[in-house]
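**Q** Letter by letter, the chains look like this.
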Amino acid sequence: MKKNLFIITIVVVLSLILSACGGDVPQADDVADTPADDAADDTTADDAADDAMEEPEPVSITVWTLSSRTAGLEEIIDDFRAAYPYITIDVSYADGAGHQNNLLVAAATDTLPTLWFNWGGTLGGYYADNGLVYDFTDYAAANNWDQKFDKAGLDLMTLNGVMSAYPTALSMVAVFYRADIFEKYGLSEPTTFEEFETVLATLKENGETPIATAGSPSGGHHLMRLMEQLWEHYAGPELHDELNNMEASWDNEAVVQSFAKFQEWVDKGYFNEGFLTADPDVAPTMLYSGDAVMTMELQNFETHLFTAEQDPSLFGTFLFPNGGTNRMSAFGEGYQFNANVTDAELAAGLAFMDYYYGVDTVTALPTNYKYPMPVQGVSMPAEFVLTTELVEAVAESGTFTINDQALPKEVIQALFAIQDNLALEQMTPEEGAAALQEAVEEYLANN
Amino acid sequence: MGKKWNKISNYFFLLPAFLIYTSVVIGPSLYTIYLSFFKWNGVKPKVLVGLKNYINLFSKDKLFWLSLKNNLIWVVLTLVIIMALALAFALLFNREFKGRAFFRSYFYFPYTLSSILVAITWKKMYDPSIGILNESLRALSLGDFTSTYTANPNIALYCIFVAATWQGIGQPMILFLTGLQTVPKEIVEAAKIDGAGPISSFFLITIPMMKETFFIVIATLIISSMKVYDIVLGITGGGPANSTHTLATYMRAQSFLYTHYGIGAAIAVVMFLIMLLIIVPYIYFLARTD
Amino acid sequence: MKNINLRYKKNISKAFLYIGLLVLVVIWSIPILNIFLTSIKSKADYFSGMGLFELPDKIHWQNYIDAWQIGRLGMYMKNGFFVAIIKVPLGIFIEAMAAFALTRLPIKKKTLIFLYFLLGMMLPAQLALIPITIAYSKLHLINTYFGLFYAYVGFGTGFGIMVLRGFFKTIPSELDDAAKIDGCSRFQILFRIILPIAKPAISTLFIMDFLGTWNEYVLASAIINDNKMKTVPTGLMNFVGENFTDTSLLSAGAFISIIPVLIVFLIFQKNFVEGLSGAVKG
Numbered sequence: 001m002k003k004n005l006f007i008i009t010i011v012v013v014l015s016l017i018l019s020a021c022g023g024d025v026p027q028a029d030d031v032a033d034t035p036a037d038d039a040a041d042d043t044t045a046d047d048a049a050d051d052a053m054e055e056p057e058p059v060s061i062t063v064w065t066l067s068s069r070t071a072g073l074e075e076i077i078d079d080f081r082a083a084y085p086y087i088t089i090d091v092s093y094a095d096g097a098g099h100q101n102n103l104l105v106a107a108a109t110d111t112l113p114t115l116w117f118n119w120g121g122t123l124g125g126y127y128a129d130n131g132l133v134y135d136f137t138d139y140a141a142a143n144n145w146d147q148k149f150d151k152a153g154l155d156l157m158t159l160n161g162v163m164s165a166y167p168t169a170l171s172m173v174a175v176f177y178r179a180d181i182f183e184k185y186g187l188s189e190p191t192t193f194e195e196f197e198t199v200l201a202t203l204k205e206n207g208e209t210p211i212a213t214a215g216s217p218s219g220g221h222h223l224m225r226l227m228e229q230l231w232e233h234y235a236g237p238e239l240h241d242e243l244n245n246m247e248a249s250w251d252n253e254a255v256v257q258s259f260a261k262f263q264e265w266v267d268k269g270y271f272n273e274g275f276l277t278a279d280p281d282v283a284p285t286m287l288y289s290g291d292a293v294m295t296m297e298l299q300n301f302e303t304h305l306f307t308a309e310q311d312p313s314l315f316g317t318f319l320f321p322n323g324g325t326n327r328m329s330a331f332g333e334g335y336q337f338n339a340n341v342t343d344a345e346l347a348a349g350l351a352f353m354d355y356y357y358g359v360d361t362v363t364a365l366p367t368n369y370k371y372p373m374p375v376q377g378v379s380m381p382a383e384f385v386l387t388t389e390l391v392e393a394v395a396e397s398g399t400f401t402i403n404d405q406a407l408p409k410e411v412i413q414a415l416f417a418i419q420d421n422l423a424l425e426q427m428t429p430e431e432g433a434a435a436l437q438e439a440v441e442e443y444l445a446n447n
Numbered sequence: 001m002g003k004k005w006n007k008i009s010n011y012f013f014l015l016p017a018f019l020i021y022t023s024v025v026i027g028p029s030l031y032t033i034y035l036s037f038f039k040w041n042g043v044k045p046k047v048l049v050g051l052k053n054y055i056n057l058f059s060k061d062k063l064f065w066l067s068l069k070n071n072l073i074w075v076v077l078t079l080v081i082i083m084a085l086a087l088a089f090a091l092l093f094n095r096e097f098k099g100r101a102f103f104r105s106y107f108y109f110p111y112t113l114s115s116i117l118v119a120i121t122w123k124k125m126y127d128p129s130i131g132i133l134n135e136s137l138r139a140l141s142l143g144d145f146t147s148t149y150t151a152n153p154n155i156a157l158y159c160i161f162v163a164a165t166w167q168g169i170g171q172p173m174i175l176f177l178t179g180l181q182t183v184p185k186e187i188v189e190a191a192k193i194d195g196a197g198p199i200s201s202f203f204l205i206t207i208p209m210m211k212e213t214f215f216i217v218i219a220t221l222i223i224s225s226m227k228v229y230d231i232v233l234g235i236t237g238g239g240p241a242n243s244t245h246t247l248a249t250y251m252r253a254q255s256f257l258y259t260h261y262g263i264g265a266a267i268a269v270v271m272f273l274i275m276l277l278i279i280v281p282y283i284y285f286l287a288r289t290d
Numbered sequence: 001m002k003n004i005n006l007r008y009k010k011n012i013s014k015a016f017l018y019i020g021l022l023v024l025v026v027i028w029s030i031p032i033l034n035i036f037l038t039s040i041k042s043k044a045d046y047f048s049g050m051g052l053f054e055l056p057d058k059i060h061w062q063n064y065i066d067a068w069q070i071g072r073l074g075m076y077m078k079n080g081f082f083v084a085i086i087k088v089p090l091g092i093f094i095e096a097m098a099a100f101a102l103t104r105l106p107i108k109k110k111t112l113i114f115l116y117f118l119l120g121m122m123l124p125a126q127l128a129l130i131p132i133t134i135a136y137s138k139l140h141l142i143n144t145y146f147g148l149f150y151a152y153v154g155f156g157t158g159f160g161i162m163v164l165r166g167f168f169k170t171i172p173s174e175l176d177d178a179a180k181i182d183g184c185s186r187f188q189i190l191f192r193i194i195l196p197i198a199k200p201a202i203s204t205l206f207i208m209d210f211l212g213t214w215n216e217y218v219l220a221s222a223i224i225n226d227n228k229m230k231t232v233p234t235g236l237m238n239f240v241g242e243n244f245t246d247t248s249l250l251s252a253g254a255f256i257s258i259i260p261v262l263i264v265f266l267i268f269q270k271n272f273v274e275g276l277s278g279a280v281k282g
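Protein chains in written order, with the working numbering: chain R, 1 to 447; chain L, 1 to 290; chain A, 1 to 282.
Take the hints with a grain of salt, since some may be wrong.
[What the hints assert, rightly or not] List of simulated lysine-lysine pairs, DSS-like, C-alpha gap at most 27 Å:
id	chain 1	residue 1	chain 2	residue 2
1	A	Lys169	L	Lys185
2	L	Lys185	R	Lys409
3	A	Lys180	A	Lys110
4	A	Lys110	L	Lys4
5	A	Lys14	L	Lys185
6	L	Lys98	A	Lys14
7	A	Lys180	L	Lys44
These are calculated hints, taken from the structure and not from any lab test.
Chain R with its partners taken away, still in its complex shape (with noise of 0.2 Å):
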């Protein structure tokens, strides 16, 4: 009898340890190892055996990133391994959700990697703000990362005042057409906000649909990109940049015409049917089958292009006017350091960004990577023609941070609301500047 029970629980806890000693299953290796790229070796490898010591201690870094990112990914980390045999370097992949669930997980049981991918903005600043990031204020000093780095890339990751992030991506989001479409009525790029009227008016008249758009849950940021873009038009570049630090009264009279003009396209009929749970996925599709002409995406719009196998000459894109220099909306994303790194994590981490990022990677690899890069030195593979016109517009007309990185979270939560309730004529605009300033205000009274 008892040595029945005995033998029993012998048998499970057995098979509970086998279980936790296992942890992985067991499998072929996908990507097989190798041979380290012999052009990558020269610069990367110096740059690393300068901050590193002559012969260096084994060291151990984690890396969280998106599972968007894999591909290409495994390649990279391969040869980084090969190249710098004392590194472990360890990669965890998420999808969007799931890898800022983990952040924040991490965050609060102080288990974050050695390095994770982030955003810029709110989200990033979260991490800033409660003092988990590496701060670069310093070290991008001593290392001349102002000419290592664009300008551009450096200010989005500083959130606060912390230069948070190794800067790998600069996004921004102008409006793309399909130029066929422009041309079969005569149209051109609007270079003020009354031609861009104009071109809505003419598309709608002749049964297209002018502009492809999302609205929440998935899609509030999509919808956003215009209005955004309103709110830059009538309260003009301060105004806008004080509303997004919140110093300024969203209930003032630009946001008020901003919604009113935004209900006077919903009522004219300037937007797709069913936009407002439509996915963000369905308005680039819109523009490849011609059902609607115009959409405010991201430059990587252009990657999107190639990946669907679309013809890239009946596509065109400028910047939205919006008065003035036409600033974009723009962010940035990059790789934060946890803030508790030691200096040989640090030096390896930095080995492992400058080697994943590095020019000779790059331009071996240029599928791989959003474009542009904050990094220079790197220039775009030629078929990325619409971008390399957006960097060089964007040189001129400067950025403003993208609302929905600029504003705290309960009150980008509120605004998609309050988007979907001016669609739906529940709101009137008055209304909706009141109610995102009661946002603002609600959020500020309890933080």
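We have chain R already, so just place chains L and A on it with the hints.
**A** The following block gives chains L and A in isolation, referenced to the frame of chain R:
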């Protein structure tokens, strides 16, 4: 010595289940209740706020009341529509006819699918431009009847509910079927001989004999209605204009979007208390009428 | 005369029955049909805005190959199977022991203990999610299958004990007494007598638990970050891109992931009704 060991060793059978369950379910839940009395963003030190989170939820939080309303609507819809349909199917499949096993499995099958899959599929189906529903209507020259479905805050919740019905019929249907088969055929036969029609025999005999089955079905449906999360998050995420938020999705927003972990915890506790509030009287009522 | 009329009536009602059922089956199939039709379109086809019902010139089976290879669906399914095939028997074993104790051993306050376990069914996973992830982080259980099993078993005890207890109750205790006289230990009674009789309940529980584990998302996404260890639902989420989703690929992956579910389901579904009969009798 032997006798005492015997007595204690009886409890060893319960031990593994008890230990694991308590450590993984009860323990963390108690911690969440504890958390609900604080203000915490995950990193900064916790600040004790007592009942403030709860008071704010009930007095100032419009979205909380909206979520609660949606959950209650969902409970009613589930009990009325899903339960009735499941019962109808069960009655149907209780009779012998060829292919009954096939049909029975076919309608159960969606229940075996992952909620994400169901959400993604139905979301695409509801797309006003390229979704299968509107496309079919247009193909049948019924283009005037197209709708924006989940883009329309007035009907969005009900559209999600249709998807949930497709997925959710399976479980209650099987439970009812099982219950029906425990009703001894002789009693039903005897009633028929006594002249009872099919309808009265159903209501006066079959249903009372299936009391426990009904209890389990109703209880599980109420619980899952209060907890509904995956499918709402997957199809509308709470929109449009926050019209489809449920307590569970709202809790997620507060916890993971705004990092207001204290408020999120409070919502979870309220969710649980409401479930208790509905189910405990039901148990009491059931026990009384036994 | 009367007999022919009766048979005629019966045939008509049977015909209506089958027609009605067939209509329902067609309606019920629409979502799955949707997935399939989307999965056979290439990206270019999908973006060309062709209607759902139009078949492309070339059926793009490449989506399936890509979903398997590039999307690593095979790996996720392997992981999912591994997790389910260990967790389910383990869970059933633990629940059977508990149900056995609650129905056949002299335990005090059995009903109270049973209700204690039932409580867990009312708790949404989200309630426990944050504390679990925090605790797991500290105990280094994140990214371990052990941690996943532990959480799954914990959350499954309520339902499992309810089903097994219900069934065990219907087994006459005389069998136990007879066995005891023969000198069987309690374990032997459980294994040699009760469990074999309870096969229908165990089958039912096996399939429900297997499917539930296979499809579980909330806990899996919180506990497992490492891509190599992910199961199907969390793995499928990888198909959802940052800004754009490759819908055709996702549909193909989704369709593939349904197949093993279908197989397991078809094998075990016959025992469904019997297995639950104990549970519904309370």
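**Q** Look at each hint and say if it fits the structure.
**A** Hints, verified against the model:
1. A:Lys169 x L:Lys185: The given pair, whose Cα atoms are some 22 Å apart, holds under the 27 Å limit.
2. L:Lys185 x R:Lys409: 61 Å, violated
3. A:Lys180 x A:Lys110: 22 Å, holds
4. A:Lys110 x L:Lys4: Holds, because 19 Å separates the two Cα atoms, which is no more than 27 Å.
5. A:Lys14 x L:Lys185: Holds: Lys14 (chain A) and Lys185 (chain L) sit about 22 Å apart, inside 27 Å.
6. L:Lys98 x A:Lys14: 10 Å, holds
7. A:Lys180 x L:Lys44: 60 Å, violated
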